[in-house]
Amino acid sequence: MSKHYTFALTLALSVVIASAAVAQAILVDRGDAALPTIGSTIADFKLSDASGTEHSLSSLKGKNGTVLIFIATRCPVSNGYNERMEKLAQDYKARGVNVVGINSNATESSDDIKAHAAENKLTFTILKDKGNKIADRLGAERTPEVYLLDASNKLVYHGRIDNHKKPELVTANDLRDAIEAVLAGKPVAKTEAAAFGCSIKRAS
Amino acid sequence: MRLQSLLSFVLGAVALFIIIFAAPRPLSTVIQAGAQEQSPTRANGQSVRATSSPEADKADSKATTAPLVVRELDAAAIKELLKRDPRQPRPLLVNFWATWCEPCREEFPDLVRINADYQGRGLEFITISLDDVMDIKTTVPQFLEEKHASMPAYLLNPSDPDALVAVIDPTWGGALPATFLFDARGQIAFRQMGRVKVALLRAALEKVLSEK
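Protein chains in written order, with the working numbering: chain A, 297 to 500; chain B, 5 to 216.
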C-alpha cells in the first residue's frame, strides 16, 4: 500500500515539475520567438531616409559597431535625448561606431523627420520605417530605444541610452559603457536596461 | 486492498491533472513568482509608503471630492501596492502614464469611464504617473482633476527604472502608456502596451471579475 502511495507521489511530482517547465517555456516565448535576443545577428534590411534615399544596414554600419536608435519627432523623452544622441554620433564616428536613427511612428512623416533633424541639428542618418516593419522585426516598443550591434551585426546591448531623461540626473551611461566594452573587445556587462519612454505609434 | 490503492492512485492522478491543466492560474502563480523579484514580507500592515499625509493614505477610490492628492511611490511601495489582500481579494488595474505622453492623455477619458463602470463591482484601479516629481502638486493633479479622475493617483520617482519595470512585468520595456490588469491573486491577467483598446480591456475585466 505505502509503495503505491510513494509511486503515486513520485509520479505526481514529476508531472507537476514537467508541466511547470513546459508552462514556463510557453510563457517566456509568448509568440515573440522571432525577436532577436542578445547574441542574435541582425539580418540586413533596407529603409529610406527622410529624403527618400535608400540605405541598407550593411551600407550604414560602422567598422566596429552600429547603434540603431528608435527615435521620434514629438516624444518629449526622445527629444530630451536629441543633444545626447548627436554627441554620441560625433564621439564615436571616428572610432568606427555609427549611429543610425529609425523613426517608426506612423504619425510622423518624412517631412516631419527632416524638419525635426534640421531644427535639432541631428546629423546622423535617420531612416523612415514605413509600416513599422523594422520595429516589429526587432521588437522595438518605445522611443528612444537602442540596439547596439557589434562589428558583425550581432546584438550586444538593447534598451536605454542612459538612466535619466534629464542629462544632469544621469548616473548610469549604459549605452556608452556597452560601446566602450565593444571597442575594447570585452563582453558587455549589462546587456539590457529598460527605461520609460513613448510607445511607438504603429500603423493600424 | 489492491483495488483500494489503485483507486486512490487513479483519483490522485485525475485530481492533479485537473489542478495542472484545468486551472492554469495557480501554476502561473508559481512560475511568475520565480520570474519576478521576490516580494518582501508585509512588515507593518501598511498598504503603501507615501510621502504625503497619512489621511491621504487611507483615501479610497470611492471617496473624494477633496482636493486630489498624488502620492509619491518608490520601488518598495509599488511592490506593496501590487500585493492582493488574501482576506479581500480583488483585481487591480494599473495605468502608467505621464502628462508628456500624448496617447496617455488621449486614453484618460476611457479609463475614467472604466473606473466608473467597474469600481462598484470590486475593481481597484490606480494610476501611476511617470512625470517629474516636481510636478506632483501641479500639472499631474491638474490634469487628473480636469479629467475627473477619482482613482487613487501615484507618481513614481524611479531611481532605477530598470528594476521598477521588472517588478511590474519583466516583458515590459517601459513604453508609455502601459496598462496592466492583475487578477485577485495578483497575477497579470491582461496587459496593454500603448493606448488601451477599450473592448479588449472590458472583456478582460469581465473575466477577472467573474473569477473573483
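Incorrect hints may appear among the rest.
Unchecked claim - To spell it out: a stretch of chain B is covered by chain A in this simulated footprint if at least three of its residues, at any positions, have a beta carbon under 8 Å from a beta carbon of chain A; those stretches are:
1. 122 to 135
2. 159 to 166
3. 196 to 202
Just so you know, these hints were derived from the structure itself, not from any lab. Note that this is a predicted model, so its numbers are computed, not measured. Every residue gets a Cβ at the ideal spot worked out from N, C-alpha and C, and that includes glycine.
Here is what the structure says about each hint:
1. Residue count for the region 122 to 135 of chain B with a Cβ under 8 Å from a Cβ of chain A: 1. That is fewer than the three needed, and the coverage hint is violated.
2. With a cut-off of 8 Å between beta carbons, the region 159 to 166 of chain B has 4 residues touching chain A; three or more are needed, and the interface restraint holds.
3. Residue count for the region 196 to 202 of chain B with a Cβ under 8 Å from a Cβ of chain A: 3. That meets the three needed, and the coverage hint holds.
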